[in-house]
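Colleague: Read off the chains here:
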Amino acid sequence: MDNIFELDLNKIDFSKILNTAESDLNRLFPLNRSILNEGVLTSLEILQENIDFEIIKIKTGYNCYDWVVPEEWVIKDAYIKIGNNKIIDFKENNLHVLNYSEHVDREMSYDELLPHLYYIEEQPNAIPYRTSYYKKNWGFCLSYNQFKELDKSATYIVKIDSKFIPGNICIAEKIIHGKVKDEILISAYSCHPSMANDSLSGVIVWSMVLNFLQKTNPYYTYRFVLLPETIGAIAYLHYREKEIKENTKRAFVLTTCGGPGKFGMKSSFIGDDLIDISVKLAFNHNGIEYLHYPFDINGSDERQYSSPYFRIPCVTISKDKYYEYKEYHTSLDNLSFVKIGYIYDSFKLYLYSLQNLELGNKIYLSLNPAGEPFLTKRELYSAIGITISNKLNSDLHHSKKEYSTLKDFKITGEDTDIILWLMFYGDGQNNLMEISRKINKSIYDLFRVAQILTNLNLLREI
Amino acid sequence: MDNIFELDLNKIDFSKILNTAESDLNRLFPLNRSILNEGVLTSLEILQENIDFEIIKIKTGYNCYDWVVPEEWVIKDAYIKIGNNKIIDFKENNLHVLNYSEHVDREMSYDELLPHLYYIEEQPNAIPYRTSYYKKNWGFCLSYNQFKELDKSATYIVKIDSKFIPGNICIAEKIIHGKVKDEILISAYSCHPSMANDSLSGVIVWSMVLNFLQKTNPYYTYRFVLLPETIGAIAYLHYREKEIKENTKRAFVLTTCGGPGKFGMKSSFIGDDLIDISVKLAFNHNGIEYLHYPFDINGSDERQYSSPYFRIPCVTISKDKYYEYKEYHTSLDNLSFVKIGYIYDSFKLYLYSLQNLELGNKIYLSLNPAGEPFLTKRELYSAIGITISNKLNSDLHHSKKEYSTLKDFKITGEDTDIILWLMFYGDGQNNLMEISRKINKSIYDLFRVAQILTNLNLLREI
Amino acid sequence: MDNIFELDLNKIDFSKILNTAESDLNRLFPLNRSILNEGVLTSLEILQENIDFEIIKIKTGYNCYDWVVPEEWVIKDAYIKIGNNKIIDFKENNLHVLNYSEHVDREMSYDELLPHLYYIEEQPNAIPYRTSYYKKNWGFCLSYNQFKELDKSATYIVKIDSKFIPGNICIAEKIIHGKVKDEILISAYSCHPSMANDSLSGVIVWSMVLNFLQKTNPYYTYRFVLLPETIGAIAYLHYREKEIKENTKRAFVLTTCGGPGKFGMKSSFIGDDLIDISVKLAFNHNGIEYLHYPFDINGSDERQYSSPYFRIPCVTISKDKYYEYKEYHTSLDNLSFVKIGYIYDSFKLYLYSLQNLELGNKIYLSLNPAGEPFLTKRELYSAIGITISNKLNSDLHHSKKEYSTLKDFKITGEDTDIILWLMFYGDGQNNLMEISRKINKSIYDLFRVAQILTNLNLLREI
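Protein chains in written order, with the working numbering: chain P, 354 to 815; chain Z, 354 to 815; chain A, 354 to 815.
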């Protein structure tokens, strides 16, 4: 097979990919990840058991545009005790420590401790997820219920056993070479600790798409990267600047696609770029309503990829988009909230979107441009598998579905319409994506019928 | 007179054209027409009694693009009998026979007969109209009420006295030469038997427009053709390919414009071509609401004319459009359904649309481009026939209708607005059609006032 | 200071301008103005007490395009008496005389008088304002209540002590030279007698904007003109044709902006010219809903400025637009209807609109185009005066307002968004007006932040 996207995706068995994904989701969730730490590397190694990619390491101190890669964070333990009683314990939940906290080990009063405590009064059961990468600080995150119980007169033993050392940003990278050098970037971020939707769901879909594509030969070249958000993307852009500037034409940024809520898409800064259209058509042709988020400068790594120097249009498919669900950046963004079934649905939508991109730019020229083709003589109906009935009686009242050249038969199915439209638009001016938008048929169906018409010498791909 | 479209159409007496049309409608309705048969030629000869056109004959076997002209169908009689009792009789209604049925003459059981019977359960009184041009078959169409009465144990004597012989597609053609070679094609189809709306109404409007134009000298050249649908259009395009490719710029396809329902227009594939706009303005300036049907590859001969090689934008004005009314393609599409008054209304709308095309591309240049003209000194008001009143008192509260240069008089009528707009748009960039769209005045009114301003040396046609 | 529009208009003290305006409003209202008469010159001299401009005089008989400047109207007195009883007296209200009435001095019957009386039955207390500039006539305007009391059998002594003499159109003109020769024309009309909204409110705003700008050095050059409507504008266009044709790019026509009703804007003939956008943004960023009036050939001097030879796009900001309020062109358009506060609001909107024009075409280039800038290291937050809080607890649930590069701090205020957007759009393709439309921030706020980023070498104005 030439290109896996030329197959009917509905007929492919994804069960193996799905099983791997479910296992990875459960194994990755508990790990403590940050922008540079051990948890990231461990996570990549788990993924590598089933998919193939390189790990690029970019050192502390690396200068990239306006930024410098910071030190690695090493944390062994962290707790708050009263006497021997651990009331907050990092080993119970890695969110309890302000991510990138510096070392602390001393006794203090409630008043000293208070400015270092983070909680959410409105969500009394949730531990917030907080970070302080670039400003030295330390702190603990706890639920409001825990906070309320604190004894204002107690002496607290506060310990964060952490240090900062020279280290590396670890970036997973895999190039799937296609027929053309033009690249689609598939990017997810690896820096969040136990957050299931933001963005572990994106990491899992990233691995599924790579798993699907890794031994295939698509039309476009695909650049898969998994990296810490912001600093990782900036460092990577600098590290691969020449290639990306030359080849990368559009990108998907995968995140928050595993929640129970409504689907959504965040548009590219262009708004109606081919990548936007490919996603919209994927939603439409699957009959899925979705929330539309226009491009916003707040978000994920599209902020870097779409910056003036690179200007790569990026799209994100979401299911409970970041910022928009109340569990966001708390301990409630967990495996009760996220389900592998939701992740699978998002994976399929990304595949449909990629199929739309892969097939959407095909252009077919009519070899019978004057008038319609005489379909009857070719027995084109059976050739394309549509049901033919000469029992007109029962559905004869659907008279609007009849065709003047085809009066002797009643056609069911919609392929005859597609035949006629493909012949009509066969002027070399319309690719399948444009035709799809105009007549509201899926790009895959157009491609499938165009193949048949090509075999019958009625169309020719140009 | 130079161009009949420069006259006010509301002041023309169409009674003679209307009387001819009514007579033709009644004479043509009962005839048995098909794509190649005697009924078509007889129909054309009746029309020729009042309007002048040639009859082109294209022979069986003629190769035209992907098609071959089929044989002519000759049918003398057809019936189903039980004993001596004719229970279905072609001579009672020509729809009873599947159009282009082959010969049959034998006895058979109910079970043998059943696959050859066509009826509509949901419309128990209607005989369906069915055809089988390109796949040899035979059959009878009957009402569901007739079908229900059939005796399942009877022996049926079934006869269709038909044969196929070499013959001709008969096409009516008339060219009205205009000032320019650019052509407007006016096309209707002649192949339907006793169907009053589809498309005998179109045939009648076709003859009315030709009747109106036949001794005139319009701006555009008009190509009138009346031909069997699909095969006739394809054969004709092949026969006149060079002329049509060179000269034919837009087309009207006349059909289903005589029903009691709402007006509609089927747009060209361009959607906002001049021909689309000309029709929309005709509706709007007559205050007529209408249904809008976007271009669809299902339809009539616009399928051929708009095919990639020709790409002629076509519009159809409808009153009960094909596919959309329940009587469509049944014996109920008859002279109880269609009225000459409805046909006349459609005829008028086609004339207004043609007038919009004929006058709409005129461009006038202001000869007083700096500031407004001083209208008072020219007594322009009486010159253009508007009522002047210096009894300001009674309607002085309509102060928004006053003009600063005209404070001494209260103008009634809307011609002063037209004067000012024509002077404003007199920059050589706007033709009357564009001005009409912008200010919502009829093209004819703009033309009428522009003539006056031209006489006063305030405008010059370019 | 380079350009006054680079200041925050909300921090400027306009009280002196406002006091002058209020005084002028009260002094100008009672004067009897016309297109050429003493009242116009007196009015200009009052305005000159506080603002500096030249008075251009264009003589009776001056030929300007299609027009000739008419004679000056001199009126001393006018009344209708029965015996010694003055029942209508010009000295009580200058609207009582049809503007430009010719001389009359004789006794007459009710029937003779009747055709010369103007009143409005539907507004029985209002004296209409009527004119007859170009057709010699005489008449009296009176309220319907006055009209009803007239004795049909009385003998009326009718006197209008008026004459026509060679005179001058008097036009106030002031050029404020800017950095570029491209001009914005600020035009108001001076020909209406005691009409407070139409257009004395426009005259007052005209004087306020000139007062504000007169000692400044803006980017554009400003051409202030105050002239009689229509004939004044046409004469002036002819008088300054070469300069205006070369330099004047857009115009504001100031009128009817002092009523109690809703704000409105009349668009330019282009509809989305920079001047239209600048006004819309002024309304939007002040949270003001307004009526939208598309360009119409009826109106004020935009009719002349936008004529084909000049094609200057003009906008009018209105508050009770001409034609649209029932007091229009009657004695009820007075100082009970118009308030200085309304006029002040319109003045401010004109200033915001001008500021949008002045700053809106600035383009800034990002000096850090690859990825985002690292804002933390610059302590950019305090640099731009936004509140920084590390007490995240209380508002942590507003998680959508957090930024991935700024996780250590909670930003209040919206300047961080502006920073990121300005950097994102810093590709040399987007001026501040376009960015303002896209992200719905005021042009002034964009300019203010862009100044800071320029100082930090993150942006450079091009």
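It is worth saying that the hints were derived from the structure and are not from the lab. We put the beta carbon where it would ideally sit given N, CA and C, even for glycine. Heads up, a few of these hints could be off.
Unchecked claim - Under 8 Å between C-beta atoms, here's a sample of chain A residues computed to sit facing chain Z:
no.: 1; residue: I357
no.: 2; residue: Y418
no.: 3; residue: D419
no.: 4; residue: W420
no.: 5; residue: Y487
no.: 6; residue: K488
no.: 7; residue: W491
no.: 8; residue: L590
no.: 9; residue: I650
no.: 10; residue: R656
no.: 11; residue: Q657
no.: 12; residue: S660
no.: 13; residue: P661
no.: 14; residue: Y662
Colleague: Does each hint fit the structure? Answer for all of them.
Modeller: Here is what the structure says about each hint:
Annotation: interface hint on I357(A) violated; nearest CB of chain Z at approximately 33 Å, more than 8 Å. Taken as an interface hint, Y418(A) checks out: its beta carbon lies about 5 Å from the nearest beta carbon of chain Z, inside 8 Å. Hint status for D419(A): holds, given a least beta-carbon distance of 5 Å to chain Z, under 8 Å. Because the beta carbon of W420(A) sits about 5 Å from the nearest beta carbon in chain Z, less than 8 Å, this interface hint is met.
Among the interface hints, the one on Y487(A) holds; its C-beta lies about 5 Å from the nearest C-beta in chain Z, closer than the 8 Å criterion. Hint on K488(A) holds. Least Cβ distance to chain Z is approximately 4 Å, under the 8 Å limit. The closest approach between the C-beta of W491(A) and any C-beta of chain Z is roughly 12 Å, which is over the 8 Å cut-off, so the hint fails. The beta carbon of L590(A) comes within 6 Å of a beta carbon in chain Z, closer than 8 Å, and the hint placing it at the interface holds.
This hint holds: I650(A) has a C-beta 4 Å from the nearest C-beta of chain Z, less than the 8 Å allowed. The closest approach between the C-beta of R656(A) and any C-beta of chain Z is roughly 6 Å, which is under the 8 Å cut-off, so the hint is satisfied. With a least beta-carbon distance of about 5 Å to chain Z, the hint placing Q657(A) at the interface is held under the 8 Å criterion. The criterion of a C-beta within 8 Å of any C-beta in chain Z is met by S660(A), whose closest approach is roughly 5 Å, and the hint holds.
Residue-level restraint check for P661(A) holds (minimum Cβ-Cβ distance to chain Z is 4 Å; threshold 8 Å). Interface hint at Y662(A): satisfied, since its Cβ lies 4 Å from the closest Cβ of chain Z, which is below the 8 Å cut-off.
When held up to the earlier numbered hints, the structure conflicts with 1, 7 and fits the remainder.
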